Every structure is written in structure tokens, then in C-alpha cells.
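K.L.:
Produce the complete structure using the sequences and hints provided.
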Amino acid sequence: MDIDIWEVLDAAETKPFGFHRFDPGPGWGGHCIPVDPFYLTWKARTVGIHSHFIELAGEINTQMPMHVVGRVQEALNDAGLPLNGSTVLLL
4 MDIDIWEVLD AAETKPFGFH RFDPGPGWGG HCIPVDPFYL TWKARTVGIH
54 SHFIELAGEI NTQMPMHVVG RVQEALNDAG LPLNGSTVLL L
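My numbering puts the first residue of the sequence shown at 4, with every later residue one more than the last.
One thing to keep in mind: the hints can contain errors.
[Unchecked claim] Derived DEER-like restraints, expressed as beta-carbon distance ranges: (1) T90 x D13: 43 to 53 angstroms; (2) G21 x L94: 41 to 51 angstroms; (3) N64 x H23: 12 to 22 angstroms; (4) E10 x G83: 21 to 31 angstroms; (5) W45 x A82: 38 to 48 angstroms; (6) H70 x L12: 25 to 35 angstroms; (7) M4 x D81: 43 to 53 angstroms; (8) L86 x L12: 37 to 47 angstroms.
In case anyone wonders, no lab produced these hints; they're calculated from the structure. Please read these numbers as outputs of a predicted model, since none were measured by experiment. Glycine residues also receive a C-beta, built at the ideal position from the N, C-alpha and C atoms.
P.N.:
Printed below as a string of C-alpha cells:
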């Protein structure tokens, strides 16, 4: 797709409001983590590029809510409390 990420960031930085620049690094996921990987893989396919790694990231992001519920359930079970009826604060 020949996209220069630095050009994209420089262009986005010209937006007069609502933009905070985040330069690429470990864990960089974009402004809309649940949606962007799926859009990017679709766009890559339109130009004949297979983006398996990005598809995997999208799948992991999709599974994350159930992963968090499972971890909370384990913690409640360890404390002898049921998930049903428990009040949980997630930050």
C-alpha cells in the first residue's frame, strides 16, 4: 500500500482541533482500536496484500472483553464470590 506513516501523522497534525499526535511504538493501535485493524485489512486486500498479523490483532481485540470477564470471574471465585450479583468496578 506504500503508506508513509510519518506523512499520515504530519497530515493529521494539521487538524485544527481534537488531535493529539501519538508516534508509532510498541502497542500503537490507532484512534479506534476495535475497528481500525479490520478496516486496514480490508483496504490491504483491495490492493492484493494479505495482512495476517493485523487480522490476528483484530481478533485478539474482539476477544478482549470476554477475556476480562473471565479474569474477573476467576478473581471472584478465588474470593469465594459469585460473578452473578457481584458489583465490579473496571477502570
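K.L.:
Among all the numbered hints in the text so far, which are the ones the structure does not match?
P.N.:
2 and 4
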